[in-house]
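Novice: With chain A held as given, fit chain B onto it using these hints.
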Amino acid sequence: MKAFFDRAFRPLVHLAALAPLALLAWDALNNNLTINPIQAAMQRSGKTALVLLVLSLACTPLNAIFGFKPALRVRRALGLYAFLYASLHFAIFMALDYGLDLPLLWQDALKKPYALVGFAAGLILLALAITSFKYWQKRLGRRWKSLHRLAYLAGILVIVHYTWVVKADIRQPLAWAAIILLLLLLRLPAMRDMRKRGAV
Amino acid sequence: MHRQKFASPYKSSQITPEAVYHNRPHRSRRDFLRASLLAAGGVLLAACNSKEAAPTQVGAQPTAGPGPSPTARSYADELGDPANTFAEITSFNNYYEFSLDKEQVAVKSERFASSPWQVEVGGLVNKPAIFDLDALRKLEQEERVYRMRCVEGWSMVIPWMGFPLRKLLEKVEPASDARYVKFTSLYDPARMPNQGPTSYFNWPYVEGLRMDEAMHDLTLMVTGLYGKELLPQNGAPLRLAVPWKYGFKSIKAIVKIELLRTEPVSLWMDAAPNEYGFYANVNPNVDHPRWTQASERRIGELGRRPTLMFNGYEAQVASLYEGMDLKANY
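Residue numbers (my numbering), protein chains in the order written: chain A, 1 to 200; chain B, 1 to 330.
It is worth saying that the hints were derived from the structure and are not from the lab.
Please note that the accuracy of each hint is not assured.
Said to hold, decoys possible - Stretches of chain B that chain A covers, calculated by requiring three or more beta carbons in the stretch to come under 8 Å of a beta carbon on chain A: (1) 251 to 260; (2) 284 to 297.
Stated by the list, open to error - Covered, in the sense of this in silico footprint (three residues per stretch, anywhere, with C-beta under 8 Å from a C-beta of chain B), are these stretches of chain A: (3) 34 to 46; (4) 89 to 98; (5) 104 to 117; (6) 163 to 170.
Stated by the list, open to error - Pairs of lysine-lysine, DSS-like flavour, derived with a Cα cap of 25 Å: (7) K108/B - K167/A; (8) K182/B - K112/A; (9) K167/A - K112/A; (10) K47/A - K108/B; (11) K182/B - K167/A; (12) K145/A - K69/A.
Note that the coordinates shown come from a computational prediction; the quantities given were computed from them, not determined experimentally.
Yeah, the Cβ is synthetic: ideal placement off N, Cα and C, and Gly gets one too.
Just chain A, with the same shape it has in the complex (with noise of 0.2 Å):
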């Protein structure tokens, strides 16, 4: 049974993973996107974005706290498809919302702060893409683990972002707020001291 899961939990996160992309894909050939496709697209591609991003920053808690290796081995991969929908959801909000009018979007995008803000969090997330490959953590080194602990910043400013996109009631995004604050908490030196000495 555990050598089972072993095998099996790598193919079943990325299932899982890449299955919001086909499900979105099917919505939108089937013109089934509501009726204003482009606000449904870019609200599930920028949801599945923020969860998968979450759910990354949660892999090391749980092994730390829980011993659940196996997150460790999926973390990369969730990371990197959360900029997958990242990017996506960019591509839509460039190439669908805007139509790649480039005046148009320079002018719109200044007063649009939710845009600039999450505009930052993708270029955060691209840095962190790029280098999670062996090559530039063997290059960077120990520098390596201080710049994708710039993940929790771009968690952050994707929640500045959807609480500013929010008409009014601002309490799910404030829920996933409680989230990630929760996930930096127990990586905190503090908290890690104490885990050690078995307090939590």
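Specialist: Coordinates of chain B only, in the frame set by chain A:
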């Protein structure tokens, strides 16, 4: 049925039969699909094909002039833009009393009973009265094709049926000191599931107009859509349509209309006073604090089109706001 100058320029006989508009092929859906596939192939690919992939609507208005053309057989507004389909208008609704999810409103309001219904008209009037649906139906109903611009940045063209609010107010004889009109929606958590205790908002929904706005000929009390009775998701049995203001001003399921001396506080002013003001006139030059209002997406189209001053009704309503600072009075 009586038609106004800003309604469709087409005679009733030229209007597409119901069976046809339900099946109107949706060119933009195909565009969306094609563009989606191109985008899926990568931003680069989409960029190389930008003209074909996602034609922007800005500056690319349909050229339909006044008068009917053989291809434009459905409803259209006075600018020549076709009305949105009945399916679009009745399945994509902002109506937080039922759901925050626009697609869920029609589902959750399906069994909402909008009859019997009464509207109380009172406050600073000489002849306060309660109107039932029959009394409202006795007022001459007109068809008007209005643009509806949501504050979120999307828009539709909608063939409403109804009567000018002015005609209702004249029946109750406004007192000379009445300066504002306050509208109140139904408050009934048993029938409007999202009005319950966990809701974020202070129900009921309230909106307001200045007296001269309320008496303006464009201000319509709506009872129908596409020549049929209004459906619950669109605010049955009685809603407002103020086409030069953002959609949230056009309050639904009205049960009370009061004439006041002072400016009423609307639900959105109460929920986010720095973002939603009393006037809420469509204005491409006054941005929402968190997003621009310069452009909008017409439902059913790809890309964006420029937002028009007062939603394209500038000639009719600009004089109401002469000398007013529209940035301060957002």
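Novice: Hint by hint, say whether it matches the structure.
Specialist: How the hints compare with the structure:
Restraint check on the segment 251 to 260 of chain B versus chain A: 0 residues with Cβ-Cβ distances below 8 Å, three needed, restraint violated. Coverage of the segment 284 to 297 of chain B by chain A holds [criterion: at least 3 residues with CB-CB distance below 8 Å; count 7]. Counting residues of the segment 34 to 46 of chain A whose beta-carbon sits less than 8 Å from any beta-carbon of chain B gives 7, enough to reach three: the coverage restraint holds. For the segment 89 to 98 of chain A, the assignment as covered by chain B holds, since 8 residues bring a beta-carbon within under 8 Å of that chain's beta-carbons and 3 suffice.
Requiring three or more residues with a Cβ within less than 8 Å of a Cβ of chain B, the coverage given for the segment 104 to 117 of chain A holds, as 7 such residues are present. Note: the segment 163 to 170 of chain A has 5 residues with beta-carbon separation from chain B under 8 Å; the three-residue rule is met and the coverage holds. Using a Cα cut-off of 25 Å, the hinted pair K108/B and K167/A holds, with the two alpha carbons roughly 21 Å apart. With a C-alpha separation of about 32 Å, the suggested pairing of K182/B with K112/A is violated against the 25 Å cut-off.
Under the criterion of a C-alpha separation no larger than 25 Å, the hint pairing K167/A with K112/A is consistent with the structure, at around 14 Å. Between the alpha carbons of K47/A and K108/B the distance comes to roughly 24 Å, so the proposed pair stays at or under 25 Å and holds. Distance check on the hinted pair: K182/B and K167/A sit about 23 Å apart at the alpha-carbon level, within 25 Å; holds. For the hint pairing K145/A with K69/A, the CA-to-CA distance comes to about 19 Å; that is within 25 Å, so the pair holds.
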